[in-house]
Every structure is written in structure tokens, then in C-alpha cells.
Amino acid sequence: MTATATRPERITRNGGRRLVDLVARVRELGILAALAALFGVTGAVNPSFLTYGSLRDILLNTAIVAMLAVGQTLVVITRNVDLSVSSVVGLSAFGGALVLADNPGVPIPLVIAGCVALGAACGAVNGLLVGAAKVPALVATLGTLYAFRGIDYAVAGGRQVNAADMPDGFLSLGTRSVLGVPLLALVALAVLLVVGWMLRNLRSGRELYAIGSNPEAAVLAGIQVRRRIMAAFVANGALAGLAGVMWAARFGTVDATVATGKELDVIAAVVVGGVAIFGGSGTVYGAALGALLLASITSALAVLRVDALAQTAINGALLIAAIVLDRLLALRVAAALRRRRFHDDN
Amino acid sequence: MEDTPVLALSGVSKAFGAVRAVRDVSLELYAGEVHALAGENGAGKSTLVKILSGVHRPDTGQILLDGAPVEFAGPADAQQAGVAVIYQEPTLFPDLSVTENIFMGRQPRARLGIDRRAMRASAAELFTRLGVQLDPDQPARGLSIADQQLVEIAKALSRQARVLIMDEPTAALSGKEVARLFGVAKALREQGCALLFISHRLEEMFELCQRVTTLRDGAFVASDMIADITPDDLVRRMVGRELDALFPKQETTAGEVALSVRRLTREGVFTDVSFEVRRGEIVALAGLVGAGRSEVARAVFGIDRWDAGSVEVDGKRLRPASPTAAMAAGLALVPEDRRQQGLVMDLSIERNIGLAGLAALHRGPLISRLAERQRAKDWAVRLQLKFARLTDPVNVLSGGNQQKVVLAKWLARKPSVIIVDEPTRGIDVGTKAEVHRLLSELAGTGVAVLMISSELPEVLGMADRVLVMHEGRLVAEIDRADATEESVMAAATGRTAA
Chain A
1 MTATATRPER
11 ITRNGGRRLV
21 DLVARVRELG
31 ILAALAALFG
41 VTGAVNPSFL
51 TYGSLRDILL
61 NTAIVAMLAV
71 GQTLVVITRN
81 VDLSVSSVVG
91 LSAFGGALVL
101 ADNPGVPIPL
111 VIAGCVALGA
121 ACGAVNGLLV
131 GAAKVPALVA
141 TLGTLYAFRG
151 IDYAVAGGRQ
161 VNAADMPDGF
171 LSLGTRSVLG
181 VPLLALVALA
191 VLLVVGWMLR
201 NLRSGRELYA
211 IGSNPEAAVL
221 AGIQVRRRIM
231 AAFVANGALA
241 GLAGVMWAAR
251 FGTVDATVAT
261 GKELDVIAAV
271 VVGGVAIFGG
281 SGTVYGAALG
291 ALLLASITSA
301 LAVLRVDALA
311 QTAINGALLI
321 AAIVLDRLLA
331 LRVAAALRRR
341 RFHDDN
Chain B
347 MEDTPVLALS
357 GVSKAFGAVR
367 AVRDVSLELY
377 AGEVHALAGE
387 NGAGKSTLVK
397 ILSGVHRPDT
407 GQILLDGAPV
417 EFAGPADAQQ
427 AGVAVIYQEP
437 TLFPDLSVTE
447 NIFMGRQPRA
457 RLGIDRRAMR
467 ASAAELFTRL
477 GVQLDPDQPA
487 RGLSIADQQL
497 VEIAKALSRQ
507 ARVLIMDEPT
517 AALSGKEVAR
527 LFGVAKALRE
537 QGCALLFISH
547 RLEEMFELCQ
557 RVTTLRDGAF
567 VASDMIADIT
577 PDDLVRRMVG
587 RELDALFPKQ
597 ETTAGEVALS
607 VRRLTREGVF
617 TDVSFEVRRG
627 EIVALAGLVG
637 AGRSEVARAV
647 FGIDRWDAGS
657 VEVDGKRLRP
667 ASPTAAMAAG
677 LALVPEDRRQ
687 QGLVMDLSIE
697 RNIGLAGLAA
707 LHRGPLISRL
717 AERQRAKDWA
727 VRLQLKFARL
737 TDPVNVLSGG
747 NQQKVVLAKW
757 LARKPSVIIV
767 DEPTRGIDVG
777 TKAEVHRLLS
787 ELAGTGVAVL
797 MISSELPEVL
807 GMADRVLVMH
817 EGRLVAEIDR
827 ADATEESVMA
837 AATGRTAA
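Read top to bottom, the protein sequences are chains A and B. Taking my numbering as reference, the numbering of the first sequence is continuous, increasing by one, and the terminal residue is 346. Taking my numbering as reference, the numbering of the second sequence is continuous, increasing by one, and the terminal residue is 844.
Calculated from the structure, these hints are not laboratory results. No experiment lies behind these values; they were computed from the predicted model shown. Among the clues, some could well be false.
Computed footprint of chain A on chain B, listed as stretches where at least three residues anywhere in the stretch have a Cβ under 8 Å from a Cβ of chain A [unchecked claim]:
1. 413-422
2. 435-446
Computed, partial: chain B to chain A, Cβ under 7 Å [as the list claims (entries may be wrong)]:
3. 453
4. 459
5. 468
6. 572
7. 573
8. 575
For every residue, glycine included, the Cβ atom is placed at its ideal position computed from N, Cα and C.
Construct the entire structure; sequences and hints are all you get.
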């Protein structure tokens, strides 16, 4: 009885469908809009926010968290999470600094490679716990969050490595700029582009999405689920290791408490960036933009002379707002898809 | 046809804990032949499919590929050997596009990474070959069951499988879609593919298949050429006894209207659903998976909200979206998923039975353990529950006995309307008949019973009236006298304009 209505509708509906698809696919647009608004408003109130120095600071503050957010995205996409990243950063930063301080002639690239390997090893521990031993990621990485930090404390034994102990060639990595852009930001950008390309264009990248989208179906599709989850954790660990060296180069003074609590900033960036916390969707570009947005908000609040104590609360409120917005959007898209399916069938 | 089978099982057994899902089953799939696998729910068909597809490994017995024994360590091995499976429940990735779903793990590659253009073109070509209009870029989320099934078929086609296993592919398809699927299946058969086909519809088996293997309670019963047997033979093999003895519905006279649902709508889920259930009546709600039956039940019981319409129990209008109000008004809901929604699996039998009526067990501010036990004992006897101790957790009980515990929980509240969703799913044949007897007795005592069921024999045997849903709408109401497999299926697949 409703069959006759089908044909004409199929044609006219296309415009609406495109819009729904666009919003469903390009969540990053929302963050870009938020960034534009933030810079516009803050810049209008206090033009010093838009000066070269201020923007450079924001990029520097973003670089490390953005890199961690890129790594975290790999894990979150598979419906897992890695809380231990901050401890890996701490371990890598202190380990790297210690080696540089105690062995003056050591080649810097070797130290960086060593830190990346150390991070990858930490990631492998997480990967084994989650992938092979089937410990829920939340619990496993909460455990390693403490364990890695504990190792860090034990190695440090209360010691602190100062900038003066490290070679200048190393420290300049944290301050140098190329064509006016901080080197660290360029490194983060390179990582972002490479990982983003891999996630989109490699089979293994697409399989990470498949695993998070429907784990059982991923098994049935013949995907090596365990191996892929393992790889995601190792890659995330390696990036955390790299972030650790960057931290040491940037701040110069390193002790065993480096980056404590940073994992929450990272996860916040990932979530604000539109990566679904239950896996299956989201991009590293979104996560990196999320990191940029959070760092920009922090800077903006400082420029706007908002009480430093209130900043954390404001960050929290913005995070919740981002998630609520995301949820509303998802609901709208779901409803639109449902309605569309209904129209198709009737 | 006496050459070597492409894929065969020989003496395969598989147990899950104490449950022996499949015992000593042999099966031979030949090139250019469609082989039917027949058996009731719980006969072990799906387990067998999962053994063939490498999901489960057999405890004993062998898998033979071209006559040589092989071991499938996982689904990837089976796929490598040319085995493609269309599962009963579509196994898609909701966040990914239709194209990606088809080619996941086997994406065409260019020099650098995945060749997206080639992949998309192949998907479009597959859809053309299948004669369907699907946008290769749209996400799998939101597709109808039939469309999801088509994506699964496209996936299997793209694998150029030598063996195609279809586990109830037609369960959710309309007549036209079934015809299209059969066209594809026959074409594959002509090309020398070996097919295994599972369906509950006998006429489909007789139309499509050349050979049939029957399972009952996990055991191999027989393997015949279709041409040599009749549908009645097949049913006897599946059930092991005559069908009529299974569903004892007592004659009752329908009383007053107990449940009245008017123009109930939940946007995008179901639309304009109206019906009544009288005291003493068993009304079946039939339809295909995904037609919106359970969703109506959930809304009536107040779990989900509705957008329009009303629900009345014994003439009193229900507050929407409140299970508490629904229960107070005398509604009970035995959900489809017993383990997740019907029971607290780790709690004891007596605790579970007491759960829905804790108020009646209070003595002062505390719950009386004595009263709880007394109630449990009482109902265990009345429902002939088989158990060791009332303090045993319900997860040690068999599926049928678990279902009795759920029923006891609700019956202890003396409901005036009880909604049962797939009351005998996954229950062995003997206990099934007991559940049917219970429902029938309940109706006899003046309870209004609304039964959602996907099993046609159950619907036809038990119901005084059959309501049929199709794609979120109530499309037919059929009296017991007029209800046949054909009339119900026709309505359920949208073939009639009711």
C-alpha cells in the first residue's frame, strides 16, 4: 500500500542525506569552528593573544599532548584505552635525561631511539596484558600507570637532572624553530600526518576501526584482533617514548614526577577531538585538533585573566560540553539514519 | 556426484562445558550442489557452521578439504581455504562504509596503501550484479536487516568462495528478496560452488537444495537426497515425533479486555500499533526479526518511551516510560534475552524468584528470608522446576529451567497481563512443551498472554489470534482458524496489503 511512494522520494531525499553524511563523517569541522571562535573572541578582547610569541607558545604547549593524543587514538579506536602514557613519558624523559647527563659523548639520535624503544616496550607490556591476557584495558593500564611510575621513582632515587647536565645540542631540539615554527610542533605534525595516512590507507589501519566497531565481527572477518591491539599499544607506547624525550629537551629539568596526571589531558583531547570512546570512529586529526583546542583554551583563559584556580573547572566544563554536543550530534545522526531507513523500506 | 566433497566433516563433536552442542556429526559438501542443514533451534546447526568457518575447533573428528584433513586455527584459515559464511546475525561494522565492510581485510592495494577507487568500483559492481540499489559510501549503521544481509552476500561473492555457508539468510527477507538470493545461490551452484543452506522454511529447502542433513539435539540423524524424501519425512527427522503433540493449547473463552494498546508510535521504530488482549487469551505477535515486536513490548512495559498513543491495563491508562507503573498495573514482561535481562545469573534460584515482588516479602524494614524461600519453594513445585537446591545460582540450570525461574518470578506477582518474548528460544524440546503447557494453563486462569515468537509452529499451535508485524507496523490480525504458515509468513514479509 505504500510501495507507490518510493520512487520519487528516492531522488528528492539525496540533499538531506548528503548533509547527514557530512556531519557524521567530518566531526572535525565542529572543533575548527570552536577554535575559530576562541581565537576570534580572545583576540578581539586582547590582541596580544594573536602575536607570534603567543601563538608559538600555544604550538609548543600543544605539541607533546597532540603527539600523545595521536597515539592514544590508535588505542581508543580499538575500544581500549591506555592510562599509563603519562608514566611512560615520565620514564622515557627521565631515562633519556639520565643517559645524556651521565654519558657526555653519547650520540643524541641513539638516545632518542632508545627512548622510543623503551616506550614501545612499555606499550608491549600493556598490549600483552590487554590483547593476550584479556585484562580490561582500563584496569591493565591503571596498573601499569602505577608500575611504570614506580620504576621511574626507583631509578631516580630522588635525583633530578638539570638542564646544565645535558648537552646543548639536545636542549636546542626543544627550543629551535624551523621557518618560525617550533621544531617540536613540526615533529608532532609529521607524526600526525604519517599516522593519519596509515590509519586511512593501510589495511592494518582500517582493521583497527573494524575491531572497535564490532569486535566479534572482526574475529569472524579473519582479522588478527590480538595482534592488531598489541600493535596499537606498542605504537602508542613508542609515541609516548618519543614524547618523553621531547619533554626532556623542552623543559630541561627532569625528575621522576614528570608528566604526572597528563594521561587525563590526553584522553580529554581525544574525546574532544571526536574520537568515540567506545571505539570504531574518529580520526587522529580530530584528536590533535582537540589537543590544540584545549591548549588554546588554557592560554586564552590566562590572557583573559581568568583566575588560574578556576581554569581547571572551566576545562572540565568545556570537556563535558564537547561530549554532550558529540552525543547530541550522534543521536541526531542516528535518528536521521533510522528515519531514512524507514523511508527506504516503506 | 560421487567425487570427493570439497569440504566435509567426519565424526565431529564439540562440547561447551557440560553441554554437548554437537555429537559425532558427518557432513559432505559437494561442488555444484546446495546442501540443506535441517534441525530445530538448539539442534547444533549454528555450532556446526562455526566449526566449518574456523570459529570453533572440534573436540574430536576431522575437517576434510578436498579429501585431505585440515585444521582451521581461526576464521582467517577457513577464509583462506575458500569458505565464506553468511551468519544468521549480520556481522557488519556499523561505523564503516558499506564498501569497507565488504572488503575488510582484503582491500585491493595500489602502490601506496589501499586503492579506494578500485574498492568502491568493485562494491558498486557487486551491487549491480545483485540487482540492488545501495550507496557504497553509506555507513552500515542504519541499514535494514535485509540490506545488511545483502552486504554480507556481496562480501561472500567478492571472496569468490568455493564453499558458501548461509545460516538462515532468508529469516528476515521479503519474498522478492528471497527470490533474488536464490537466483544468486543458483548461479553460484552452476559455477561449481558448494553451498550449505540453513533455513526453517521447508519449502525453501525443497526448492533450492539437492541434499539434506538433519540434526536433532546435537546428534546426526540422517543425510538424504532431497528427491528421495517428503517434507513430512524431514519434519519427523527434525522433531523425532509428531508435531501436533507439541502445543497443547486449552480452549478458553476470552473475557474482558486486559491490555489495550492504541495507536502506539515510537518514531523510527514502530508506527501506529493498536491491539487488544483479553483475559484468557493467548495472542501471538509474529513477524520477522527486526520487525519491531520486542520494541513494542518494551514500550508497553515502560522501558522505552513512546512518541504517541496510549496503553491501558484493565481499563486504566499507564504512565508512559515507567516499568514501575506497568508492574503496579499488573503487567509482567518475560524478556527475550533471559541471561542478560531476565535473570541475575549469579544469584540463587530463590533470590531470583523473589526479585520482582520484594515488597510482599518485607517483614518490617527487612526482607524475610523465610518468606522468600517459602515463595520460591511454592513456585518451584508448581512449575516443576528441576533443581538441586534453591540456593544454587541460576546459571547452573538448563535454559528451560532458567525460563521457568523467570516465569515464577513474574507469576508470583499474580499479573493480569503477561508478555513473553520468545519464551522457548534455546530451550530443549521436552521443556519447550512444558513452557507451552504453563502458558496455556495461565490463560486458563484468566491471565491475558501476549506471546512474541519467531517460531511458526509455536505461534500456530498456541495462539488464539495472531498479530503480524512488518517493518514497524501491525499489518495483519489473523484468527486461529485462518492462521497458517503461509498466511502468517505472507504478512510478515509484507506480501499482503492487509
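Hints, verified against the model:
{"no.": "1", "hint": "413-422", "in the structure": "holds (count 3)"}
{"no.": "2", "hint": "435-446", "in the structure": "holds (count 7)"}
{"no.": "3", "hint": "453", "in the structure": "holds (5 Å)"}
{"no.": "4", "hint": "459", "in the structure": "holds (3 Å)"}
{"no.": "5", "hint": "468", "in the structure": "violated (15 Å)"}
{"no.": "6", "hint": "572", "in the structure": "violated (29 Å)"}
{"no.": "7", "hint": "573", "in the structure": "violated (34 Å)"}
{"no.": "8", "hint": "575", "in the structure": "violated (33 Å)"}
Violated hints, in rising order: 5, 6, 7 and 8; the structure is consistent with all others.
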